[in-house]
Amino acid sequence: MNNKTLFLSKLIMVEQRYLALKDTPKFQQNVNSANKEAYFMRNILMSYLSNAVLFTMIFLLLDSVYFEEKDIAALASFGLIIFLYLFLIGIYNSIVFLNSIYNNNIMSPLKSIPIQVNVNVPFVSWFVYNASSYIFVVLPSAVFFFILTGDYETIFLALLYAFLVMMLSFIISSVFFIYSGKKVKKHTSIRNVIRILMLFVFLALFYLLLENPAYFGYVSAAISSLPYYIRVFAFPINTEYIVFYNYQLPLLFRILELFLSLLFFAIILLIYTKIRYKIYEILMTSEENASSEKIFSSVKTHGMLRAFLNKDIKSTFRKTQNLSYIFLPVLFVIPFFFAIGTTSGLDSAFFSLLYLVEFVSSFYAIFLLVVEGKGIEVLNSLPVKKSDITFYKSIFGLIIFSVIAAAFVIVTAAIAGKASIYDLFEFLDVTVLFYVIISVNISRLLSKLPPGTSNLNYYSFGTYPMLFIFILSLILLGISIGVAIGLSLIVFHSMVYYVYMDLPVNIVILIFMMMKPKIFKNNENVINSL
Amino acid sequence: MNTIEINNVYKRYGTTIALNGINLSISGGQIYGVLGPNGSGKTTLLKIIAGILPASSGDVSVNDISVTGNPDAVKSITGYIPETPALYESLTPIEYFNFLASVFKIDDKILKERINAFANALEIGKYLNEFIGSLSFGTKQKVAIIGALIHDPQIIVMDEGMNGLDPKSSKIIKELLKDITRSGKTVIFSTHIMEIAETVCDTISILYNGNIAGTGDLSQLKAEAGSSNSDLEGIFLKLTGDEDLDNLLDSLRDSIK
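Going down the list, the protein sequences come from chains A and X. For the first sequence, position 528 matches number 528 in this note's numbering, and the numbering has no gaps at all. For the second sequence, position 196 matches number 196 in this note's numbering, and the numbering has no gaps at all.
Careful: at least some of the hints might be erroneous.
Not the full set, but computed from the structure, chain X residues with beta-carbon under 10 Å of chain A [as the list claims (entries may be wrong)]:
1) Lys75
2) Thr78
3) Ala144
4) Thr181
5) Arg182
6) Gly184
Listed next, the in silico DSS-like pairs over lysine-lysine satisfying Cα-Cα at most 30 Å (straight line) [as the list claims (entries may be wrong)]:
7) X/Lys105 - A/Lys314
8) A/Lys314 - X/Lys171
9) X/Lys126 - A/Lys374
10) X/Lys126 - X/Lys222
Simulated from the structure, these hints should not be mistaken for lab results. Glycine residues also receive a C-beta, built at the ideal position from the N, C-alpha and C atoms.
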């Protein structure tokens with residue numbers, strides 16, 4: 001990698017941050033023209049370090065349980081889960097990155113300067129300045145394993161496979177992007193939905209292949225029951241076997257597996273070299289991807305809610321990239337969903353729905369605002385209150401969530417082999433809960449937007465919008481369930497009725513929110529607050 | 001008649017002062033030009049008037065409605081055209097106008113008449129059903145202009161609104177703006193192009209480093225600049241302290257020899 005490639009990679013990341021942060025008061029207060037680049041580089045470095053430290057700490061804590069017990073098998077099984085997590089984070093993160101570069105035409109201006117832009121710039125920019133920080137999620141497992149077994153190769157292989165997993169996730173996102181990005185405006189909403197659903201069904205099946213029936217405790221058993229060649233050759237399912245169980249093997253096999261790993265590396269590199277030109281071309285010509293397709297709509301006005309829903313539905317469903325955000329959170333929930341029946345004493349189906357609420361309300365809150373893009377300037381110029389925007393966006397989120405939750409409830413009932421009024425009760429409960437949480441999330445995000453914002457992307461809400469919203473959702477979810485359990489204990493002297501108590505609790509919270517709109521704290525009138 | 005009062009408006013971005021205590025009174029029924037070099041604070045001032053950006057201190061009132069106190073009331077009678085068209089790229093112009101009309105509660109029949117009239121005048125009829133993202137810059141600018149005028153606003157705030165327009169459309173917009181002001185409405189207009197300002201604007205304020213360097217019609221500005229024979233460009237350069245361009249040009253010529 002030469003200096004020019006690294007410089008351009010850095011430039012792209014700096015530009016991306018600039019577009020997101022230029023309107024923020026903090027940026028405007030602290031930066032003058034002389035230190036802009038230093039400011040953004042500091043911002044990028046701090047994000048990177050925070051990610052690395054945060055992930056190391058979290059996974060150090062999670063891994064320490066198995067380390068304390070010296071449970072090598074559990075540590076290895078958990079290691080596989082971590083690699084899968086890394087894989088999903090990689091897909092999500094690279095899709096966000098590619099979308100951001102594409103939608104903001106960040107690379108296309110490079111065409112006009114007389115330099116040869118290396119085709120690896122998008123990947124290098126993503127990996128060096130962002131994604132490599134996620135690799136720290138596998139380090140605690142590898143280090144603990146090394147301490148327990150003395151096998152230093154584990155650390156080397158864990159890092160190698162983490163890199164391979166990240167590269168694979170970038171390749172998958174790129175294929176997805178190539179398939180959807182260039183022709184983004186040439187497809188109708190329905191065709192887009194079908195295409196996205198097909199891709200996600202494929203990803204979900206892939207996920208299931210890895211997960212089912214191996215919900216955490218069963219992973220080892222499931223993997224060891226697989227034929228030897230699958231355990232060793234099927235990447236990334238082989239991470240548990242090659243990275244962690246390598247130490248048990250004779251030297252010859254260890255050398256062979258090392259060669260095998262390098263072979264995987266070569267294959268992934270080869271696939272990458274095949275697709276890098278395509279993704280590079282799309283990103284370099286993003287502003288020219290026009291379509292002459294016509295959509296015939298009649299002149300017709302609607303009420304505000306329907307007008308906003310129409311706008312958001314069209315903005316979402318006409319762009320395949322935006323659609324991907326709608327389905328992404330579901331992928332994160334599938335592992336929990338397929339744990340149904342494996343946890344005793346708890347209503348695992350209900351808890352799967354709560355996971356769904358947690359993930360979807362966090363993702364959608366950000367996505368439904370980011371989908372505005374440059375349109376935020378239009379909204380700023382219109383006489384529309386922030387609480388109204390929160391309401392319209394929340395309703396859109398609720399509609400999509402209801403469809404997903406209904407599908408989950410139906411599948412759950414099918415797995416259980418019976419449907420009851422309880423299922424309907426669960427469904428109603430989580431939809432009310434979802435609405436409450438997404439409303440608060442959107443409202444909070446809107447309040448973080450600097451006045452006069454002219455463009456929205458994922459960094460517009462601060463460095464860690466996802467973490468911030470995820471924790472906020474978790475707190476709200478905890479309050480709802482905690483109060484429900486408390487009421488169940490008080491009224492029935494047993495916590496088993498908490499699901500029944502949760503719906504009234506959520507309805508009360510909802511009514512309270514509607515009667516006390518200031519709970520949104522989204523400064524209706526931003527100007528007044530300044 | 002609409003009046004806009006700008007009282008002691010400051011805008012600070014960190015340590016940078018974009019507007020340094022601006023005081024202006026803009027009476028209705030005129031095209032008011034805001035001129036100034038890059039970075040002089042034109043866009044900031046226009047955004048504050050349109051209720052999009054809050055002032056750090058001071059206030060703007062439109063028809064005695066405080067922009068600080070009631071921005072929605074001001075926005076409902078204002079049409080804002082940004083420097084670069086900010087639009088929903090996944091919508092078609094028709095869908096975009098439908099959305100705006102729904103927000104402003106415009107009757108379908110009136111909306112149809114307005115869209116037809118604007119689309120014919122600006123020759124964008126054939127693009128009405130194409131995605132905005134696929135349109136050229138100039139066509140997007142026309143869509144943004146129609147969008148800002150669709151609710152028949154009392155105040156029109158145009159930030160470099162003629163950017164990217166072809167000569168015919170530019171001429172039509174200029175005439176349209178003049179017609180609009182005859183009915184008592186106000187147009188506030190920023191531009192770099194002196195010819196446009198000279199031919200279109202009734203009153204001009206020259207903004208320089210966040211301060212008002214001069215205000216008035218052409219003759220008043222000439223008097224203020226003390227150069228009765230100058231055109232607007234000459235007045236502009238004199239009031240912004242950049243009139244001595246010869247040295248700059250000489251130095252530039254030397255460097256590119």
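query = Would the hint on X/Thr78 stand, with a C-beta cut-off of 10 Å toward chain A?
reply = Holds: closest Cβ of chain A sits about 8 Å from X/Thr78, inside 10 Å.
ask   = Measuring from the C-beta of X/Thr181 to each C-beta in chain A, is the shortest one below 10 Å?
value = At about 21 Å, which exceeds the 10 Å cut-off, the nearest Cβ of chain A leaves the hint on X/Thr181 violated.
ask   = Would the hint on X/Ala144 stand, with a C-beta cut-off of 10 Å toward chain A?
value = holds, 9 Å
message = Less than 10 Å between beta-carbons is the criterion; does X/Lys75 satisfy it with respect to chain A?
response = holds, 4 Å
request  = Could you check if X/Gly184 really has its C-beta closer than 10 Å to a C-beta on chain A?
outcome  = Violated. Min distance 21 Å.
request  = For the pair we were handed, A/Lys314 and X/Lys171, check the Cα-Cα distance against 30 Å.
outcome  = Roughly 34 Å between the alpha carbons, so the hint for A/Lys314 and X/Lys171 is violated.
message = Just to be careful, I want the Cα atoms of X/Lys126 and X/Lys222 compared with a cutoff of 30 Å; is the pair within it?
response = Since the Cα atoms of X/Lys126 and X/Lys222 sit roughly 45 Å apart, the hinted pair is violated (cutoff 30 Å).
Restraint check, 10 Å cut-off on beta carbons, for X/Arg182 near chain A = Cβ of X/Arg182 sits 25 Å from chain A, so the hint is violated.
ask   = Does the alpha-carbon distance linking X/Lys126 and A/Lys374 stay inside the 30 Å limit?
value = holds, 24 Å
Restraint status (C-alpha distance of X/Lys105 to A/Lys314 at most 30 Å) = holds, 21 Å
Comparing the model with each numbered hint stated earlier shows that hints 4, 5, 6, 8, 10 do not hold.
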